[in-house]
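Student: Listed below are the residues making up each chain.
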Amino acid sequence: METRALRKNSIALTGLAIVGVYVAAILLSFVWLPFDPVAMDTEHLLEGPSLATGHLFGTDEFGRDILSRIMKGASVSLVISLSATALGAVAGVLMGIWAGYLGGRWDQVLMRVADVLFSFPSLLLAIFVMAILGEKTYNVVFAIGIVYIPQFARVSRGAVLTIKSSEFVRAARSNGASSGFILFRHLLPNILVPLIVQVSLSLSVAILLESSLSFLGLGVQPPYPSWGNMLSAGRKVMVIAPWTAVYPGLAIVFLVLGFNLLGDGLRDILDPRLKNAR
Amino acid sequence: MSDDENLLEVRGLKVHFPIHKGIIFRRKAGFVRAVDGVDFSVKKGEALGLVGESGCGKSTTAMAVAQLQAATAGSIRFAGEDLGSLSPKDLRRARRHFQIVFQDPYSSLDPRMRAFDIIAEPLRIYARLGIVDADEAEIERRTLSLMERCGLSTSFARRYPHEFSGGQRQRIGIARALSLGPKLIIADEPVSALDVSIQSQILNLLKDLRKDFDLTFLFIAHDLAVIEYFCDRIAVMYLGRVVETASAAELNKNPMHPYTRALLSAVPLPDPEKERSRRRILLKGDVPSPSAERKGCPFRERCPEAMERCAFSAPNLRAVAEGHEVSCFLYGEA
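The listed protein sequences correspond, in order, to chains F and H.
Here the first sequence stands for residues 4 to 281, where the numbers follow the numbering used here.
Here the second sequence stands for residues 53 to 386, where the numbers follow the numbering used here.
Simulated from the structure, these hints should not be mistaken for lab results.
Wrong hints could be hidden among the right ones.
What the hints assert, rightly or not - Label-pair ranges, simulated between beta-carbon atoms:
hint, chain 1, residue 1, chain 2, residue 2, range
1, F, Gly161, H, Glu200, 38 to 44 Å
2, H, Ala186, F, Pro192, 54 to 60 Å
3, F, Asp118, H, Gly136, 35 to 41 Å
4, H, Arg180, F, Lys139, 43 to 49 Å
5, H, Glu190, F, Ile135, 53 to 59 Å
Claimed, not checked - Here are the simulated lysine-lysine pairs, DSS-like style, with alpha carbons at most 30 Å apart:
hint, chain 1, residue 1, chain 2, residue 2
6, F, Lys167, H, Lys235
7, F, Lys167, H, Lys66
8, H, Lys259, H, Lys96
9, H, Lys347, H, Lys336
10, F, Lys167, H, Lys347
11, F, Lys167, H, Lys73
Stated by the list, open to error - Covered, in the sense of this in silico footprint (three residues per stretch, anywhere, with C-beta under 8 Å from a C-beta of chain H), are these stretches of chain F:
hint, region
12, 161 to 172
13, 183 to 192
Every residue, glycine too, gets a C-beta built ideally from N, C-alpha and C.
Required output: the full structure, derived from the provided sequences and hints.
Tutor: Below, the structure written as structure tokens:
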């Protein structure tokens, strides 16, 4: 049923195809890479893309193959983006629907906590968390996840507030439904649309945030590649060797685009009101 | 009228909503007295109509009876049991005996559930709790037969609410309310959101179901014609209180409370001769704010027959004839 709807939805399909290419590249990177992504090669510094040398995307200032580094970095970026979004979404949604459903004092306390987190610019908050936790790759997940919690809490709380007073929620209560049942069977499915939009946005912003952190030297540490620290290194030689910055940049752009298209399409597919409209 | 016949007995029901002022330092600035001392009872098999203008507390009363709104004071006895004193667990068990049909057929159905699942949900919940003994096959059989009984083709079972018309949605709501085999149906303006042509269909469906399932009704409406068609007895509400109760025929023939008389005189008559010749009672002013502190009869400012004493003490409901109760000083002490 849902897979058929997905096949008919060209936006979602395009997004899925883009994300699929990345996933395939990551899977491939586990078994085979064109070159060793961390091995230096002083014979081939800053060489442009060429078929003859086998460096399809060129080499960086240490002679490392850029394609291999992008492939290696993809798994880091994707895993960080997925797990940070998952962390932020689960914690934030629980916090939001709890606050929205219970209301009163709980609502006040939880949402003021969210406001405090919200009042920091997200990159600053992430840097702050990284500074406390230390510069480890998995700490990037926590840093970005914590940035996301108040965003998901806000979105889900607002959606719950509009639905909570609906008569169908009252009907469920009068039919003997418990609060947990109402939260997960009635409220959660009905706030799915804004949540999916938020998730797809968050996945792409997480990639950008991870890149920013790595760019600033707080994320993935050299010599291990991530798109962010590749961009950061490429910036210095961009004028004489633009490929060092352009290819990691394009990798980010396309993945972000893929997530956004997928989220857009999923939103339409999951809404029963739009099911026959397409 | 002996007490054990009463399926539902409401005594001194009050529902007050606090008004908060201030954003950071919230304090209670007063109360909206939505329901302010309501008494009525519904006998087994009877349909009691609760009528009154917007904002008089009819729906709040219904929600309080359905235990969806906490009562500030008073008692609600259902089948001899005080619902307010039940533990949450016992209340959950009791809920299946009184079910609600809601006013708005659009917001009362979960837009993400199929018609079948909406109607089957109560059974599934109670089956999981072990209160109702039914497996999935039995639930399906009962749900489909209920759909048919409520005038819904079983081929619609897998459709979503947005694919139905208002009348069909209300049928789904009715089927859901019946799925647990309740004794009492609380119908909160079940037809006022529907087109006039659909209203009679739904009313007739409810009438048939009442007979077939041996149901008792607490029927709320602001339309006197609808209430008179459906109900045996009528309670008239004004500003959070019941001002008069009588059988439908008696109320129509012999309205006593000045408010009831005004209300009846506003119902259009089908005969233009009669319509022209009758005297309409026009009330002056508006309904007073339900948040104001009040003394005396709630109707006195608008009452054409207000007396001096009405300003000092409020009359109570008092039987003036067999099955006819009025709360007004015109008909003696109370």
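Student: Which hint numbers doesn't this structure obey?
Tutor: Numbers 2 and 10 - these are the hints that the structure violates, sorted from lowest upward.
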